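Residue numbers (this note's numbering), protein chains in the order written: chain C, 2 to 342; chain E, 86 to 444; chain G, 17 to 96.
None of these hints come from the bench; they were simulated from the model. Where hints are given, some of them may not hold.
[As the list claims (entries may be wrong)] The calculated lysine-lysine pairs, modelled on PhoX-like cross-linking and capped at a C-alpha distance of 20 Å, are:
1) G:K53 x E:K337
2) C:K193 x G:K43
3) E:K205 x C:K193
4) G:K50 x E:K337
Treat the numbers as computed from the prediction; the structure is a model and nothing was measured.
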Amino acid sequence: MMRNTDAPKILLAHGDGGLLSDELIRKTILPHLAKEMPSELNDAARLELSSKSICFTTDSYVVKPLFFNGGDIGKLAVCGTVNDLAVSGARPLALSLSFIIETGLEIELFEKILESIKKTAEENEISIVTGDTKTVEAGSADKIFINTAGIGIRMDEADLGFSKIRAGDKVLLSGTIGDHGMTIISQREGIKFETEMNSDCAGIAKLTCKLLESIKGIKFMRDPTRGGLAATLNEISKQTGLSIEIDQNLIPINPTVQAAADVLGLDVLGVANEGKFVAIVSAESADDCVKICRQHPLGKVASIIGTILETQDVPAVEMITKIGGRRIVQMPYGLELPRIC
Amino acid sequence: MLDRIYKAQNLISEACKKQGRAINIMEVCGTHTVAIFRSGIRATLPEGLNLLSGPGCPVCVTDQSYIDTVLELADKSDVLIATYGDMIRVPGHGGSLETRQPANNVKVVFSSQDAIQIAKDNSDKTVIFLAVGFETTAPATGVIVMQAAREKIENFCILSGHKLVVPAMRALLSGKNDKIDAFLCPGHVSVIIGYGAYEEIVRDFKRPCVVAGFEPIQIIEGLAEICHQLVEGAAETKSIYKAAVTEKGNLKAQQIISECFEAADGYWRGLGKIDKSTLKLKDKYSRFDAYQRYNITETPHAELEGCRCGEVLCGLIRPPECSLFGKKCTPQSPVGPCMVSSEGTCAAYYKYGTRRKKS
Amino acid sequence: MCLAIPARIIELTGDNAVVDAMGNHFKAKTTLLKDVKLGDLVLVHAGFAITIVDEEEARETWELIAEINDYNKTPNKISG
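Isolated chain C (complex conformation):
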């Protein structure tokens, strides 16, 4: 985005708790986020919880660029929090929102992010109940960083954990992989290219809650963000000591995403997703899980992609390839750099 030198900008003073801070909160932040102006602005939100069994998560968002096909840092922050709660078996309830803003950020840009946060929170039925804003000198942060903490009420039906997983269980994947990570990479300096790809950034709680309500036999869930499907499956394998076999023919991938990965020499299995989940489910419940997912807009191409197996020697994740061959799927190492060779 071209910086308009005349547009109003965030100043250092907006973060120091004085008049400008107050103005930023009352005139910019709250109007964009709150359904109604709260009568009091207290130091902490008071929540009345219907259960003692809560899930609590935190995350920070530093994505670049701030706006991308299919989302922005604000949407990502809300969805990321919602999804962490969702895969823990919770119904999202509330989240906190902390901003660290670089001096010089245009207020208009900040407002766009706030709008997106509000819209996403409403869609995902999660309330923003508390927050904080700090400003730092130019150069000390990259435009804006967002930190969230989220609370959800754990569903009674949720009995999830690595220890529940058994050999014979099935691996359920809720949709296509690689969309978010490849979209972000397409915007990266040095390899920027136009694309029809979109980030899959979305809150999956309504789908996971529906699943948990309807099906017994869901043992474990995780959202395959950084490190992609490969990282998630390797974590499961490592923590359980079991092996996993997946079938490449059953993994849904958008051809545009695959082509972009092919051009850059990247392996889609290790690319981040922001609107998907992996679930380990009992074999008997697998078909029903897929049916339920496919009735939901975020699970239209959900598939069973593999099986948990007893380990022969060392736990490993192995993939049957499109041509009937086999290869190991390792934990991805760091950020893969696009190659030419």
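Dock chains E and G against the given chain C, drawing on the hints supplied.
Same frame as chain C, now just chains E and G:
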């Protein structure tokens, strides 16, 4: 597609049985190495077929002295290094381009075009483009050298690490590893040089040379064609990558290479000195040659103790046979180039081929 | 050893092209090709088109072109 795969696999099986001994086929292309691993082809091949990975990874065969030169040049305050992503993690003395501080004068580019644009945009700095790769990539370097000459872009030069595939194949058969029965030839190098370029290997060494693309079906059908030739006792150069490769290759690209470069003797990590195997800028373009501009001579380095990359590159051993593999030498802490490069044989084995052994 | 995928030329001015690879648009130079025109299928490597691709043969070679991934038409058969 699947029935073509089964047909090719059957042919390969039959051929292995008929040969009565193991068949050794070498691929000399890092992209083939990765493609073979990612598609899991090895698991579908019969026992009697050994698929060897050769010196086809341009990063792996670049001597450490090259990266040491780059690191020294990168320290100059008026220099910007423009490089393909492949070179970023290669370790030299005191780190890699990725780890050295400050890192702000290293730009990863996707195209040589970007490198010359960086020179145009930064007239107060000298841009040094790390020109690595085989014949597929050399024309892209040639184009920007010619452009620099035409447009008088003087704050630009290249550090040529370009290498030629056929001399390496000759060197392998002439001494390093004469157990190679045939070559699966690189698809995209062949787009440039043409499949006729392998005639001399057939003529002088009687080994089949078959060019294949990188899709699994291409690789399997390429192997089947080789097996067919071996069983018939024939040796020909052939291409099954009909979509892209012709006998003569891309003549315009070849002209650009010969306009800018001449073949020079060069040192290949693991293979030693190979005559006329690297590309050096011709005298008329010497002002764009970083070696000339900065008066650099490189002395090949000895390998680190225990490192057997040389033998891996010649197809003499497989990575797990090296005692450092997976223990002291991993992608996270690589000892030798075969593990550093994402196309290196050891890295590919580690990522796609092996289960971790209980230590 | 070289990553290159087939892409179609959708814009061409001089030797500056924009190519489409299954919905991704990249810049590519056609400096290395003699007669190339809008609509041609080319192989692009490191920002340069290195050859024009024979369409018939391409269908035989590249899965992406030959077998359209129908993930969004008919989801995989429910297995279990």
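Please flag the earlier hints that this structure goes against, numbers listed from lowest up. As far as the earlier hints go, not one is violated by this structure.
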